[in-house]
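Using the sequences and the hints, build the whole thing.
Number of protein chains: 4
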Amino acid sequence: MNTVGHLINGQHRPDATRTQDIYNPATGKVSKQVALASKETVEEAITAAQAAYPAWRNTPVGKRAAVMFRFKALLEQNADKICQMIGEEHGKISHDAAGELQRGIENVEYACGIAELLKGEHSKNVGPNIDSWSEFQPLGVVAGITPFNFPAMVPLWMYPMAIACGNTFILKPSERDPSSTLYIAELLQEAGLPDGVMNVVNGDKEAVDVLLTDKRIQAVSFVGSTAIAEYIYETANKNGKRCQALGGAKNHAIVMPDADMDNAVNQLLGAAFGSSGERCMALSVAVAVGDTAADALVSKMTVAMQSLNVGAATDSNNDFGPVITRQHQLKVNGYIDSAEKDGARIVVDGRNPQIAGFEEGFFVGATLIDAVTPEMVSYKEEIFGPVLQVVRVNTMDEAMQLINDHEYGNGTCIFTRDGEAARYFADNILVGMVGINVPLPVPVSYHSFGGWKRSLFGDLHAYGPDAVRFYTKRKTITQRWPSSGVREGVSFAFPS
Amino acid sequence: MNTVGHLINGQHRPDATRTQDIYNPATGKVSKQVALASKETVEEAITAAQAAYPAWRNTPVGKRAAVMFRFKALLEQNADKICQMIGEEHGKISHDAAGELQRGIENVEYACGIAELLKGEHSKNVGPNIDSWSEFQPLGVVAGITPFNFPAMVPLWMYPMAIACGNTFILKPSERDPSSTLYIAELLQEAGLPDGVMNVVNGDKEAVDVLLTDKRIQAVSFVGSTAIAEYIYETANKNGKRCQALGGAKNHAIVMPDADMDNAVNQLLGAAFGSSGERCMALSVAVAVGDTAADALVSKMTVAMQSLNVGAATDSNNDFGPVITRQHQLKVNGYIDSAEKDGARIVVDGRNPQIAGFEEGFFVGATLIDAVTPEMVSYKEEIFGPVLQVVRVNTMDEAMQLINDHEYGNGTCIFTRDGEAARYFADNILVGMVGINVPLPVPVSYHSFGGWKRSLFGDLHAYGPDAVRFYTKRKTITQRWPSSGVREGVSFAFPS
Amino acid sequence: MNTVGHLINGQHRPDATRTQDIYNPATGKVSKQVALASKETVEEAITAAQAAYPAWRNTPVGKRAAVMFRFKALLEQNADKICQMIGEEHGKISHDAAGELQRGIENVEYACGIAELLKGEHSKNVGPNIDSWSEFQPLGVVAGITPFNFPAMVPLWMYPMAIACGNTFILKPSERDPSSTLYIAELLQEAGLPDGVMNVVNGDKEAVDVLLTDKRIQAVSFVGSTAIAEYIYETANKNGKRCQALGGAKNHAIVMPDADMDNAVNQLLGAAFGSSGERCMALSVAVAVGDTAADALVSKMTVAMQSLNVGAATDSNNDFGPVITRQHQLKVNGYIDSAEKDGARIVVDGRNPQIAGFEEGFFVGATLIDAVTPEMVSYKEEIFGPVLQVVRVNTMDEAMQLINDHEYGNGTCIFTRDGEAARYFADNILVGMVGINVPLPVPVSYHSFGGWKRSLFGDLHAYGPDAVRFYTKRKTITQRWPSSGVREGVSFAFPS
Amino acid sequence: MNTVGHLINGQHRPDATRTQDIYNPATGKVSKQVALASKETVEEAITAAQAAYPAWRNTPVGKRAAVMFRFKALLEQNADKICQMIGEEHGKISHDAAGELQRGIENVEYACGIAELLKGEHSKNVGPNIDSWSEFQPLGVVAGITPFNFPAMVPLWMYPMAIACGNTFILKPSERDPSSTLYIAELLQEAGLPDGVMNVVNGDKEAVDVLLTDKRIQAVSFVGSTAIAEYIYETANKNGKRCQALGGAKNHAIVMPDADMDNAVNQLLGAAFGSSGERCMALSVAVAVGDTAADALVSKMTVAMQSLNVGAATDSNNDFGPVITRQHQLKVNGYIDSAEKDGARIVVDGRNPQIAGFEEGFFVGATLIDAVTPEMVSYKEEIFGPVLQVVRVNTMDEAMQLINDHEYGNGTCIFTRDGEAARYFADNILVGMVGINVPLPVPVSYHSFGGWKRSLFGDLHAYGPDAVRFYTKRKTITQRWPSSGVREGVSFAFPS
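Residue numbers (my numbering), protein chains in the order written: chain A, 1 to 496; chain B, 1 to 496; chain C, 1 to 496; chain D, 1 to 496.
Do not take every clue at face value.
No copy is singled out in the list; a pair is fine if it fits within one copy or between any two copies.
What the hints assert, rightly or not - Calculated cross-link-like contacts (lysine-lysine; reagent style BS3-like; alpha-carbon spacing at most 25 Å): (1) Lys39 / Lys215; (2) Lys81 / Lys63; (3) Lys238 / Lys380; (4) Lys453 / Lys215; (5) Lys341 / Lys380; (6) Lys380 / Lys215; (7) Lys453 / Lys380; (8) Lys238 / Lys205.
Derived from the structure by calculation, the hints contain no laboratory data.
Keep in mind the model is a prediction, meaning the values are calculated, not measured.
As structure tokens, then:
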């Protein structure tokens, strides 16, 4: 059986003294092993990254961008292979994997424009013959720790921009589905990146703790659950590192009485159940304003859900695949059970679907739950499964209050035709990413991704313009050239 | 005797159940008391700020700027009074206080341009008929905690921009010299700011800890010593707040053999001894490259220092005044003692100067120490007194290594005529603010202030463009308007 | 009788060998004379501006901004006097003059932020150890030629930014109402501007032609009618000058069936008749979509117009005043006559109103004309009077086609609640300034003002960010410092 | 014999009723014909571009960028073929053609980042619940007219950015060497550009005049000689088109006494003689400060020039090739003759070199002329050949005065080690592109290219950030949504 190892200083490195099983979630069978890096292996990666830093930092910005242009081309040429790798370990259907990869490639494209993005601010004559300007200099060795649900895209949020800015990188991918992540890093190497600039270490908490404590690591980017994000953020900060840590979500869509209901249902179908709901931007709560809207939403959604196919990634006609593990399958089912027990109405029940030929797979079918209320556990917590819950309210303000009171503030959406309703919503909702008739308002690669409240720890958002600020430090230079003939007088006052 | 109280919700508030002495450092006498706010008083200020927030946030940006324009005018009209207040409690001479105030006013001027600075990024057609844009929204109630050495300027680094961005503010000034700080806040109130938008609480750790833990505070800005900065940063972060905490410094100037030596000496005189060296940007170490440069520097500096006058703020002919407290006077003297004991050469000795009529004042005279080496305690730690130490090295690289190895990375400077030396220095030195023949490279108000290494905790620098990012959160909106005739098809793939 | 002279090199200058009458348009009487500058006088102003240029250009940007801060304060302190001057010569009512002045002051405020706005772009390591940056350097002596309808505001669109950028300026105001313009320039002088930086020459075509041909003038900004704008633009260009020339307008509002009709009527009332319609952003055509909307609009507007008061500026209860001259009064009446003759319906007839005590004033009352069609002269040409014409169409596309086919493209507006209609309109209309439920979409001072088609000649818009680009030239510097030890090899290839 | 035709609406179009000879300048023989488009053919291209515009304008910006990414890849894959085409018709050596192409590709790379570059400015709450933002919308059909000396690069300065901004394009290449230009346009078509978005018409004044007068053309970019540039600029403006027209140059390098002379000589060798001096950025005048520097420069340059090889493009060991035509060869020789006659000293004489096997080629050898003075015709005019002239002056100010007095202001350079000299030069020289020890200061693709004085007609520079502004119009939208419950009151005052 294959073991997925590490990429250190441009070389494959096994270090498989400890390993962990990788499953095919559609069959429920172990398909590979992943090596779990020891402290020494992680330190070796850091040493390589540290050694590669000075030369990479001084490489002209256009030459750093050139690597990104080649990387983009290689990602496109190898897209099918990458999507297949994702399907085998994560379980998502090929059209969905292709969408993920495309979004990731767009982050590489943004990094291709690094020369424009790194421009500093130059001021002439801030004083008599004194000029001043800022430079955004790289940090040094930085690290990323990424989740299972987007093995291609989320790492690509991080290292293309970090590396284009002049840093060197250590990536610790998810141990559930590391193969596509490692392969993509190899393509970056193939694109002409010098050895040691990009390194991948697979592993578990042992590896993570080295990244969080080693003094040579200057910054850590993390995406995962809120509990871990908070731990990562505190630990990294305590160890003198810059950190951005993205956590959980509970994304609500408000359905207004004037919404185009057929369109809303179509949009919600993909946003709630796509990728089995294992997306931090999944739309998991629909808040219907008024019973008329709610009844229409539930009845149309019920019909629409009949056409959904759940199954293995090997059949691209499927709409979505299994969840990632047996434990997660049980956890999702448990949330549906608890909603039922708490008095909600299970309109469409996706528990224990029978998928012919994949009886041992970790499947959960699309589930619709009506009459959910804010006290229910299934409302409060992130389910991360193909479950859409409907909450009924009487007014738009009531709907917004629900969202603003929730612990998370990642994404949200409103369905309406009314300009004023949309503007009021976008202005006052305490959520970082807002959609107007757009149910998955993931910002495009030239904007930045980030939630509010307990969905993100840190000052700066992921990718886009904020990534430049996260992966660089501001340096401000003030310059005056001495005129040999003129001597300045002594000044004790603070210069004004 | 007068007691300096608080400004809460537009009203003077005493709460003087606990107080602390304020000294006139030139006479060594207690001149006033400062009230130390209880937990309840701080919470009352937070409540006021929270109540004022929604209306202030929704005030059009031009009207927020209008308050800043009036504030600037009031600061200029009352400059003499402010400088006198600073002189009485801090001890700095009027020309120096005026310089500090002018720098602070420039931060208000920058806040006058908030409409330009708050512009978000708008993208048309990110997808078919889909637009996306970012807004930089205020955080809510934010706090500032400021040091004794710039009672006017450092608070003005913080709240003008915070308030212009739409936040409401709680300021906790230094308890050593709070009068000018409080008076300036009253001028802002007079400028037309609604009650509760700006609040001042005087106090000690009890007040600080409320600001660090109360859930309603969204962000904390701090300037002070590194040990406290680190505590503030960790505690604020642990309590879910955004934080930037600026700490100590040890600013080196490299004096190259080709430097214009008379100019360098004149510049260093002000940069080392101005404001008694109680500046986080004070130039406290001169690194001379080669003995020829070192000898010239020491001999010319010795001569130049003879013309320096130390004395009370009441005489504007003085160059600098006392240090802030008796304890600090003893601490500075102790550093000079230790340097002497460690084998350095005390070229000009400022210990125990006799100032006629001010025999009890906390004075330290200008001190020059040659042959200092990196192992000495006086080199490693921040003295924060009128002491310039000279380190001799053989090469520019050796000089830069010293700076890069030091714990702090606030400011630094090189004296040279050579374009290549200057560029190499600015590029490779691990310090946030760099001067080329500029010994106090404090960025102008339209750039940002921030050190590297243990001189600043946080991602974003103080004032200038970074202040906009620190005092706002990014929100990204993606918008599509439904065309009633066209229904979108179901899509399960991640949108690309 | 008073004669309004010139301001040259900081001095009042009469040169009144030729003069022209200034009228009080409410009484129809001559009230003053304005001097018409000779070629020599204009050249003297240019010489002064040229002499003042080098020192002003090298004045640190913060000191240039300081003059603008003082200028703003003086404008506010003297606002009543300025508004009275405007009322006497232009005829507009004090609340309207105050609005104009406030808009002008906002342009001064924007110029206060010049340090931020002038920042160039700095790129590190564009090649090995090669840096490159851009500077936006001033042009030299630049000129402005301004119209009668905003004697305070339009000049303030131009010279505050031009001067803040480091240029020196010659202004040629309208000869109809030059007093407030001259007085405002004197306030700028009083604010501390060095002599010769700002100069005012009153005059006619003789003065204009010097400004358009003298080689020392680097750029010309103009606002006026399209015919003159085109002449100015061609002549200035032919003489090697940069030019932006703003001309006429015919601003349409589309009134959709879903519009909030009472609001639309209230908005249109001010936008059509305010300042007697003598605004290049006046809303002079309402395009009603569907007869139901049209009938409601006309009937409600007819009622609303009954409350309008036309009269002299001396009574602030009046809504609007006279037009500027007897000839213009006759011209406006002539357009109403022609519409009537062409078959349109004069719903409210403002011809020949009787204003007690002001029988000789140049008054035209508010006029509403229905059933206007695109072939009518009154539709094709700019009336510049208090006349609102209604065109009836069947669809929104038809309404947009009308606007896109018109010669002018200054401003436009749509009244609707529908997000999609608003977005489609804003996207596809060939007009530079677009309002959604905002009938006078004059951009705020931190955006830029400019029409499309024959409403503006030139690449860059007026005031706001574009003004920085118009009043500066880009200079790009590429810098490499020689390393004495390393010699570069000969390279004949174009560097890559 | 082959005839080079047109590319219209995605199709090859001959229209060879009129043709002109294309020469191989190394052999002096006619090698091909180029078709000269009739008025009708140009109008057909405009019609195609007009038809393609609406769909292309509405294509999401990311999809427009995708074409540019593919175009870049195709250019790299076909680089050798392109360089060979350039060599055959222009005569430049392959390493030089490769440099030109690489520079052109970098402009395509910049266009890949169009999504970032097109971002507008969004302002929230410019008034109560009023938002305002700017969009940079494409112009429509735009045209480019390009010179013979960079058949690949100069067209790539224009249309990638124009097209990425959403415009459609008509290119009129030089009739001397059109093959590579046409082939590159075909590669863009192959990259997936829709038919009609990019069109090429070969031709002469007949074609140009259609582009300058047809109402459907919105803008014209031109690069060529100053006389033609001025004609193009005036004619385009008169016909209501936006225009930028880049003309001639006379680029001076100041050689200071402290310059690293060997380095300066090496740099000048390439900058003066590379591409036979047929570059608008060629360094054609060296201004030596002091006779010591002048003597060293001339003697070292004389030695260095001995190693230069002039010859055909077929041998890549050659340093540079022939000039473009027989007439141009005679013209260059004529300038050398005139300098000699005017009293200058011909140090190295390149007239009539004998190139074995290419006796009929249009060759001029590298020529060095000392003791040139400003009155000489060879100093005043642009030679555009491999001729370096040395002017001797006594001071740096004298050197700068020479440059500032010259008609042209394209590029310039200083050789020095001194920070102050460099800063003073860059600040005060009236030239648009400035090098510090960089003899060909062509801005990188993410800055903009443009000279001052009579080297550029227009407000905006070529490529880089300015290209976005040149190829788009600003539209400013102000939006308020009606709140149905609240009616706004009538306002006649100008809104403030």
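These are the hints, each one checked on the structure:
1. Lys39 / Lys215: For Lys39 and Lys215, only the intra-copy Cα distance (14 Å) is at most 25 Å; the inter-copy one is 38 Å.
2. Lys81 / Lys63: Answer is between; shortest inter-copy Cα gap is 24 Å, intra-copy 28 Å.
3. Lys238 / Lys380: Classified as between; 22 Å across copies, 30 Å inside a copy.
4. Lys453 / Lys215: Between copies only: 12 Å across chains, 29 Å inside a chain, cut-off 25 Å.
5. Lys341 / Lys380: within (15 Å within a copy, 65 Å between copies)
6. Lys380 / Lys215: Intra 38 Å, inter 20 Å, cutoff 25 Å: inter-copy only.
7. Lys453 / Lys380: within (14 Å within a copy, 40 Å between copies)
8. Lys238 / Lys205: both (17 Å within a copy, 21 Å between copies)
The structure is consistent with each of the numbered hints, conforming to all of them.
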